[in-house]
Every structure is written in structure tokens, then in C-alpha cells.
Amino acid sequence: MGKFRANLMLCAGTGCVASESPKVSAALSEEIKKRGLEEELKIVLTGCNGYCAEGPVMAVYPDEIFYQKVTVEDVPLLVEEHFIKGRPYQKLMFKEPEKKTAIPLMKDIPFFKHQVLRVLRNKGLIDPEKIEEYIARDGYQAAAKALTQMTPEEIVKVVKDSGVRGRGGAGFPTGMKWEFASKVKSDIKFMLCNGDEGDPGAFMDRSVMEADPHSVIEGMIIGARAIGAHHGFIYVRAEYPLAVKRLQLAIDQATEAGLLGKNILDTGFDFELKIYLGAGAFVCGEETALMRSIEGKRGMPRPRPPFPAVKGLWDKPSVLNNVETLAQIAPIILNGAEWYRSLGTEKSAGTKVFALTGAINNVGLVEVPMGIPLRTIIYDIGGGPKKGRKFKAVQLGGPSGGCIPESLLDIPVTYEDIVATGAIVGSGGMVVMDDNTCMVGTAKFFLEFTADESCGKCVPCRVGTKILLDILTDITEGKGQESDIETLQDLARDILASSLCGLGQTAPNPILTTIKYFRDEYESHILHKWCKAGVCRKLTTFWIDEKLCKACGACLRACPSKAIVGEKKVPHKIIQELCVQCRTCYDTCKFHSIKILPAKFEGDPHEFLEAAAAGEKKGEA
Amino acid sequence: MSGPRILIVDDEPVVIKSAERVLKSEGYDVEGAAGGREAILKLEKGGYDLVFTDLKMPEVDGLTLIKWIRKSSTVIGIVIITGYPSQDTIKDALELGIIDYVPKPFTPSVLLDVTARAVEWTQGRKPREEKAHEEFPPAMAAELDRVIEHYRKIPGSLIPVLQRAQEIVGYLPPVVQKRISKGLNIPEAEIHGVVSFYSFFTMKPRGDHNIRVCLGTACYVKGIEGVVSKIRDTLKIDIGETTEDRKFSLEGVRCLGACGLAPVMVIDQETFGAMSPRKALEIISRYDSTVVAAAAAEPGADLAEKES
Numbered sequence: 001m002g003k004f005r006a007n008l009m010l011c012a013g014t015g016c017v018a019s020e021s022p023k024v025s026a027a028l029s030e031e032i033k034k035r036g037l038e039e040e041l042k043i044v045l046t047g048c049n050g051y052c053a054e055g056p057v058m059a060v061y062p063d064e065i066f067y068q069k070v071t072v073e074d075v076p077l078l079v080e081e082h083f084i085k086g087r088p089y090q091k092l093m094f095k096e097p098e099k100k101t102a103i104p105l106m107k108d109i110p111f112f113k114h115q116v117l118r119v120l121r122n123k124g125l126i127d128p129e130k131i132e133e134y135i136a137r138d139g140y141q142a143a144a145k146a147l148t149q150m151t152p153e154e155i156v157k158v159v160k161d162s163g164v165r166g167r168g169g170a171g172f173p174t175g176m177k178w179e180f181a182s183k184v185k186s187d188i189k190f191m192l193c194n195g196d197e198g199d200p201g202a203f204m205d206r207s208v209m210e211a212d213p214h215s216v217i218e219g220m221i222i223g224a225r226a227i228g229a230h231h232g233f234i235y236v237r238a239e240y241p242l243a244v245k246r247l248q249l250a251i252d253q254a255t256e257a258g259l260l261g262k263n264i265l266d267t268g269f270d271f272e273l274k275i276y277l278g279a280g281a282f283v284c285g286e287e288t289a290l291m292r293s294i295e296g297k298r299g300m301p302r303p304r305p306p307f308p309a310v311k312g313l314w315d316k317p318s319v320l321n322n323v324e325t326l327a328q329i330a331p332i333i334l335n336g337a338e339w340y341r342s343l344g345t346e347k348s349a350g351t352k353v354f355a356l357t358g359a360i361n362n363v364g365l366v367e368v369p370m371g372i373p374l375r376t377i378i379y380d381i382g383g384g385p386k387k388g389r390k391f392k393a394v395q396l397g398g399p400s401g402g403c404i405p406e407s408l409l410d411i412p413v414t415y416e417d418i419v420a421t422g423a424i425v426g427s428g429g430m431v432v433m434d435d436n437t438c439m440v441g442t443a444k445f446f447l448e449f450t451a452d453e454s455c456g457k458c459v460p461c462r463v464g465t466k467i468l469l470d471i472l473t474d475i476t477e478g479k480g481q482e483s484d485i486e487t488l489q490d491l492a493r494d495i496l497a498s499s500l501c502g503l504g505q506t507a508p509n510p511i512l513t514t515i516k517y518f519r520d521e522y523e524s525h526i527l528h529k530w531c532k533a534g535v536c537r538k539l540t541t542f543w544i545d546e547k548l549c550k551a552c553g554a555c556l557r558a559c560p561s562k563a564i565v566g567e568k569k570v571p572h573k574i575i576q577e578l579c580v581q582c583r584t585c586y587d588t589c590k591f592h593s594i595k596i597l598p599a600k601f602e603g604d605p606h607e608f609l610e611a612a613a614a615g616e617k618k619g620e621a
Numbered sequence: 001m002s003g004p005r006i007l008i009v010d011d012e013p014v015v016i017k018s019a020e021r022v023l024k025s026e027g028y029d030v031e032g033a034a035g036g037r038e039a040i041l042k043l044e045k046g047g048y049d050l051v052f053t054d055l056k057m058p059e060v061d062g063l064t065l066i067k068w069i070r071k072s073s074t075v076i077g078i079v080i081i082t083g084y085p086s087q088d089t090i091k092d093a094l095e096l097g098i099i100d101y102v103p104k105p106f107t108p109s110v111l112l113d114v115t116a117r118a119v120e121w122t123q124g125r126k127p128r129e130e131k132a133h134e135e136f137p138p139a140m141a142a143e144l145d146r147v148i149e150h151y152r153k154i155p156g157s158l159i160p161v162l163q164r165a166q167e168i169v170g171y172l173p174p175v176v177q178k179r180i181s182k183g184l185n186i187p188e189a190e191i192h193g194v195v196s197f198y199s200f201f202t203m204k205p206r207g208d209h210n211i212r213v214c215l216g217t218a219c220y221v222k223g224i225e226g227v228v229s230k231i232r233d234t235l236k237i238d239i240g241e242t243t244e245d246r247k248f249s250l251e252g253v254r255c256l257g258a259c260g261l262a263p264v265m266v267i268d269q270e271t272f273g274a275m276s277p278r279k280a281l282e283i284i285s286r287y288d289s290t291v292v293a294a295a296a297a298e299p300g301a302d303l304a305e306k307e308s
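Heads up: the protein sequence lines correspond to chains A and B, in order. Just so you know, we're using my numbering here: the first sequence kicks off at 1 and counts up by one. Just so you know, we're using my numbering here: the second sequence kicks off at 1 and counts up by one.
Hints in this document: simulated from the structure, not taken from any laboratory. Every value quoted in this text rests on a predicted model; they were computed, and no experiment measured them. A couple of the hints might just be wrong.
Said to hold, decoys possible - Pairs of lysine to any residue residues, derived as SDA-like cross-links and limited to a Cα-Cα distance of at most 20 Å, are as follows:
1) A:274 x B:152
2) A:466 x A:485
3) A:100 x A:68
4) A:185 x A:23
5) A:33 x A:76
6) B:279 x A:231
7) A:311 x B:155
8) A:245 x B:163
9) A:274 x B:153
10) A:42 x A:26
11) A:457 x A:505
12) B:247 x B:285
13) B:247 x B:266
14) A:562 x B:166
15) B:153 x A:231
16) A:297 x B:163
17) A:160 x A:314
18) B:178 x B:166
19) A:297 x B:166
20) A:386 x B:276
21) A:386 x B:223
22) A:23 x B:286
23) A:274 x B:157
24) B:153 x A:315
25) B:236 x B:285
26) A:297 x B:199
27) A:95 x A:114
28) A:69 x B:279
The task is simple: from the sequences and hints, build the whole structure.
Now the structure itself:
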């Protein structure tokens, strides 16, 4: 960063590219040229910053000023104000909701303030397409140390002592995995990386592969040395074209620099690394399935043991680590196990990246020390639910995970504490749901996913998930029976107990947790034919509370089926016979005058809602 | 005019002459052009069914000519004649929709063979019929064979081969699977098993534009369902289907990993974030303006938009 006055770190991750950061980049470079500042300002296109919702984002160094939602139109003024007049451009700075004051520095913005960056240490700071920039930030020093100064046993020991656990979902100690594989004698071994990020709602692996591909490669070199593997594959989803491109570039550059291939750093150690494109199957996140897939077959899991550390890819000892896990290996080797343990808890050491999304103010990737309360992530970093909405649940761990209610938000985020709730940490997808989300519908959403993605090998999973889905569909369509809840629970437990792989063993979690924490919603669907969130169309009647209606006409104009009547100063009314329950009016009304009643409601809505509210209060007390 | 009319474009007169002699004796109507410029002038007048062209020519070269032809006509069949069939030029030409290539120098029988196949292909193509989807052009087959040859000895290469095949042909119909089965010596059943297992592979032809909607959790919570049903109603296709005019196909994907922008839609290679039913239609109409009418027919949708 020497000779330039300032570095403009513009995000070029998938999210920001979609919000047109390439156009902003072009406009910036044109403006800089026009002003004759080419010698002073440098634009660096970085990988994913993580704060995708506010993209395109740009940080200016060395002053650390953070700009968000930068548009082409903003560019001339931004350059003029910040770089000519020397006063950072307030318009594009972060502003706290409800307040007008701009926060100029990245480290002061709540979203970044609570984060500790280890996995994402290079995010937004380097150009991921240049190996020199990675090396300038201590890149490949750990690989050099591992190859020249450490024995494989020493590497395994440091990783084991650090307590780092697999970040892909199961949380198996990485050091132990490596130890098993290192002890097996074999002519060929494989070091594999799982970049088949399949959990909907998780995108940290994509971000790491895009923003810092060399950190993954370095982790793999160290792992290969530890277990004695000379061949490796990175299994990446074909849906991540940018990640694939950057990884390939990184592999090419590392090979040219003598960090991959034959005789790495003149130590006599060989490691060949290739990318293998996945073809879209959720079950391939399971290690034995992933290995079958690399062999060119249907990605179906097989029973363990033998474990992959003994018989993996092509029946040779193999270690499979997740992207996020591998990205932490280099700093562990450089700084030692104690350094790693300085954050997190005894059993869940270090940091974890979460993909915070859904009905929340600040959406993006957050890396926090393990053990901090869920509430800190959701409220302090995420800024809580949107104005006027009420937090309902946070979904952790994708289709294998579960929904955690408000009452449990103070639990620390560790593998054990999360499992105790019925959810799992999983790969770190954290989707926040507010009172607009129906929990039965959510369970159904996940079951649609798992029923579709079940590979079909085990009957309980293949048939069971389908039956679960059928029951849930019935409930959301008003055909639910009182006995359904018990049937769901029984069947869920059977599937859990009798499936071979992680997919079946966890697929019922979304149902079990929603029943556990939101049983009232199931009951209201089944008994009262009432979807309180107004999501299940067949269990909803929209009704305008004439006492609250301001007769503004907004809903009337918005209604696509022209089911709303009324005029100025006369409260509006929905003609139920014409209503298709599309919810447009509900989302349009600024005065919350539209209420949700059970299907085909008859009677006095005021009395009904009052009684229901009183009942709820009683339940809470 | 009876037989198909063929134009031979080459800067070497001897090539034109010998091709003319061979093809005329078989009853084809053949003419020659000494370069790209002359060819364009002749084609401008119309009436040709098939063009054989050299790639390396002074002034207007083969690729430029092919591009020009494709701009003006989709029914003229194109075959390239080349002395240097390099991967790259063939690939470029393939993308422009050539049928086949003839290596230089060629024997009469090779030329007749290629011509016969090309004529068949052009005739099958007008008008655009289902038949065209049962077979695939010989040049694609040649490219596919090269891919198979490249991977033949590498263990576990079925999935990469299928990925490349889908890139070349656009989808994986039984003929393609059959060819791969022969080439890699893997039973067809096993290939079908892999194709049907992975969601990336499709056995149905996709539309000119492939719309992919993200069905991930974040997009679900943010209301992708509404976007999907709007697209479904407007284009009259369900997820996994292609419109009748083959302009659009609709696909659901598990998670695009762009949850920060939820709900997300991708058309071809471009990602669009923060979708609403109306915005989605607006974007789709950029690809085909007839969709605009449907988008505008949604009363007061802008109001709902403002709130969100």
C-alpha cells in the first residue's frame, strides 16, 4: 500500500457484483483519471466483505472510512468530497436505524464492532486474484513453517491442542481426523476440501473461497503434509462460478510460485491440487457421499466404519475438511494452539462465521468468538428485527437444524448448547424469522427440501420424509387431524434413529423443534384452522379493523383481485368472496389495520381477537 | 430450384474448384466465393442453403463471415473448412452454431459425407421442429468426442464429461448419454443414474434464457414464493419447464449463497437481488419485451413495493 495516498477497497464478491459494483469500479477509475489522481488513489477489487445487503460496499484505507450502497451517480461527488476536499462523504456512510448520525469508521459500525476476524482475516483487505497480496499478509508462512520446521506429528499435535472442530456441521475435532489418517499406512492418500456448501442460508464458504482462496489452499498444504497426502481435490458447487474461477487462479499462481506441485519450497514434498465441480446434490456434503461423487458416481453415503481416514476416496485413506476449517489452519500453525484457545469455550474453541440473514436489519457474514450469546449476534450485530415486527425464531443449521425461540436467546453459541435446544450449529446459517413467518410452513419448507434431496438409499429417510411432508401439507391446507402432532413426533424419532447418514438423522429436526417451541401454532392450524402469520392461504381470512382504518385507499389500489371496497373517509372492507388471500393489502397497510383471522371466519372479529390475545397472555404468564 | 444451393468460400481457388467438381457431379448446386467480402455480397441476394467456409482468409475472415450469417439467418447451415482445426477456433465457431467441419486437404468421399449430413441437418432445421432435438449436429458430436477422448483414461471422469457435454449440447438427451456410454465404456443405465441424481443435469432442453430462482431459507423468509408464482403465472411454466417458444426456462436452485440479497433470481449468468414479483417481471421483460404487458397489468403493485 506504499506509494498511494489511499486504497479504495471495493467489494467484488457475488453479492456486490449483483448490486453492480463492476459499474461503480469503472466509474471510479474514470473519475480518478479525470481528476488526475491516478498516482494517488488505487482501486482494489476485494473478495466478499460479508455486508452484502448494503452493497456495493467500499472501505477507504488507511483512514478506514466505510461506504455502503455506492452507486455510479455518487462517484463524482464522493471523489470530490473525500479525495479533493478531504472530507469523507457522509451520504454513503452507515447510519443507525432511527438516528441520522453517520458513522464513518468501519470499526465503529455495530455490524463490525463485535466481530473478531480470524477465518475472514483478509476479507476486504486483499485482492483475491493476486497471490502477492496474500503473501504480504503472512500468507504461506505457516505452510513454510509446517514444511520446513515441523514434523507431521507436530502439526497434528498443534491442531489437536487448538481444539478446532470441523466447521462443516458435525463439529468433529479436526486434529483427531488428521491423526487417524496420518497413522494409516498407504501408498496413496487424499487431502480433500468440502466447498459444496449446500445448506440454504449459509454462504461463508463461498465468501472465503471468493475473498481469500489462498487461505484454503494453504490449509490444505499443511493438512496434506500432516497426513502424508500428495493429491488433493477441492469439491466446489457449480453454482459458485466466481469461487471456482478464483480458486483455479489461486491454484495456478501457487503452483507457479512453487507452493503446489512437485518439490514444494525445495523440501521434497509434493502436493497436487485440483478442483472438482459438484453437480448439485445436498447429500454430497456428507463425506462418504462426496467421495463417491468424485469417483463419478451417484453421491450416496455408505456405512462407516470403515471411516474415510482408513478407506475413503478410491478406497484410499482420505481426510475431508470444510472450507472454513481449512482457512483457520494457517494462523493456528503460526500463532500456536494457545492463541486459538484464547477465544471461545473449553469445548468450542475459536471463532465461528455465521451467515446472518432473513427478517433482520443487518444482513451479512459475521465472525464471532464461540460462546457469545445468540442475542448479541441477533440484536447487537444484526440490529434485531425490522421496525414494527416482532422476533419469532432463529433457524440454525439449515435443513438439519432447528428453530430457536426468543426465550432461549441468552444461551451461549457453542456446539453443545445449541444441540441441547434441538438445533445444531451446522455450517452456520442463521436465518431470523419474525411474526410474518409461519412455523408450520417453515417446517414444511425444510421437509420439502430434505424429501427432495434424500438420496433414496434408506427407506426411513426416503419414504419417511415424504410422509412427514404430506402430513405437514395437510395441516397447512386445513386438513390436519388432532393426532397429527403425535404422528409427526413418532415418525420423526423413527427416521432419526434408523437412517444411515447425517441427512436422515437430522432431517426431522425442523419439525421436532417447531413442535417443541411453537406447538400452539400447530394446534391453531389444526383446531382453529387459523394461520396466525397469514401465510397458509387456506387458513387465513384478512379483515380490516374499521376502528384502525384511515381510509387512505392504499390497500384498495394494491389489491390485485379488486376485493376491497371503500371511499374517502369511509373505512374499507374486504369482500371475502373475492379475496384470494395474497396478503398484498396486509403488507401495504401502514396503520396495521388489517388483521388475520381463521379461515372462513364468522362472528365478531373484535371479540375473537381480544379473546385470543387474552389467551396468549395467560399462556405466557 | 431443385437441390440445395451451396456456397464455397475459400481464398484458394483450387479448393473451390475441386469442391465444385466433386459436389456438382452429385447434383448439388454449387457456387464459389474467393473471400468473405464476396461471400457476403452473394449471400445478401439470398437463396443459399449451405455455406462451406475457410477460417483463415485475408480481409473478412471466416469467423466474421459466420457471425454475419448468424445475424441475418438461422436457417443457413454452415460448415467450416480448415487446415488447422485447433480447439479454440472450433469452439468459437461452435458457439456460433456451425454444423460440422471439413479438414483440409479432404478426399471427395469425406466432402460428400459431410455435405450429405449437413444437408440433412439444414432440412431438419426448417422449420424448427422437435426432430432437431432428437439429434444433435455432427460438429457438436465431434466436440463431444474430443471431450470424451480427453477424459477417457482419467478415473471418475463421468461427471466432468457430463458437465462439458451439457455445456456443448445444452442438455443431456438420450443420444448424448448413449454416445458418452460408448466413449467411456460405462453402462447407459449408470450414466442415466448419475444424470438423474444430480440437479445440475437436465434432460430437457433449456430456453434461450434460463431463469433460476433461489429456494433457499433466506429467500423463503423474504418471500421468494410470491416471485415464483408471479413468474409461473406470467410465463405459464412451472419450475423445471421451458416456455413453448423456448425463450425462457424456469429452474429452482437450492441456495445461490447470496442470502444477503434475498430473494434472489439469476438469469443466465446475471444475479438480481431483493426481488419482488413486480421487479422480477420487469427484469424478465428486459429479455423479452412481450412480458412487459403482463407486468403492467398488475394494478397498484407499486404501492406494495414502496412499503417493503
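These are the hints, each one checked on the structure:
no.: 1; hint: A:274 x B:152; result: 18 Å, holds
no.: 2; hint: A:466 x A:485; result: 16 Å, holds
no.: 3; hint: A:100 x A:68; result: 15 Å, holds
no.: 4; hint: A:185 x A:23; result: 54 Å, violated
no.: 5; hint: A:33 x A:76; result: 11 Å, holds
no.: 6; hint: B:279 x A:231; result: 47 Å, violated
no.: 7; hint: A:311 x B:155; result: 17 Å, holds
no.: 8; hint: A:245 x B:163; result: 16 Å, holds
no.: 9; hint: A:274 x B:153; result: 17 Å, holds
no.: 10; hint: A:42 x A:26; result: 13 Å, holds
no.: 11; hint: A:457 x A:505; result: 13 Å, holds
no.: 12; hint: B:247 x B:285; result: 11 Å, holds
no.: 13; hint: B:247 x B:266; result: 15 Å, holds
no.: 14; hint: A:562 x B:166; result: 46 Å, violated
no.: 15; hint: B:153 x A:231; result: 18 Å, holds
no.: 16; hint: A:297 x B:163; result: 13 Å, holds
no.: 17; hint: A:160 x A:314; result: 27 Å, violated
no.: 18; hint: B:178 x B:166; result: 14 Å, holds
no.: 19; hint: A:297 x B:166; result: 17 Å, holds
no.: 20; hint: A:386 x B:276; result: 18 Å, holds
no.: 21; hint: A:386 x B:223; result: 15 Å, holds
no.: 22; hint: A:23 x B:286; result: 19 Å, holds
no.: 23; hint: A:274 x B:157; result: 13 Å, holds
no.: 24; hint: B:153 x A:315; result: 19 Å, holds
no.: 25; hint: B:236 x B:285; result: 15 Å, holds
no.: 26; hint: A:297 x B:199; result: 14 Å, holds
no.: 27; hint: A:95 x A:114; result: 17 Å, holds
no.: 28; hint: A:69 x B:279; result: 19 Å, holds
Consistency note: the structure conflicts with the earlier hints numbered 4, 6, 14 and 17.
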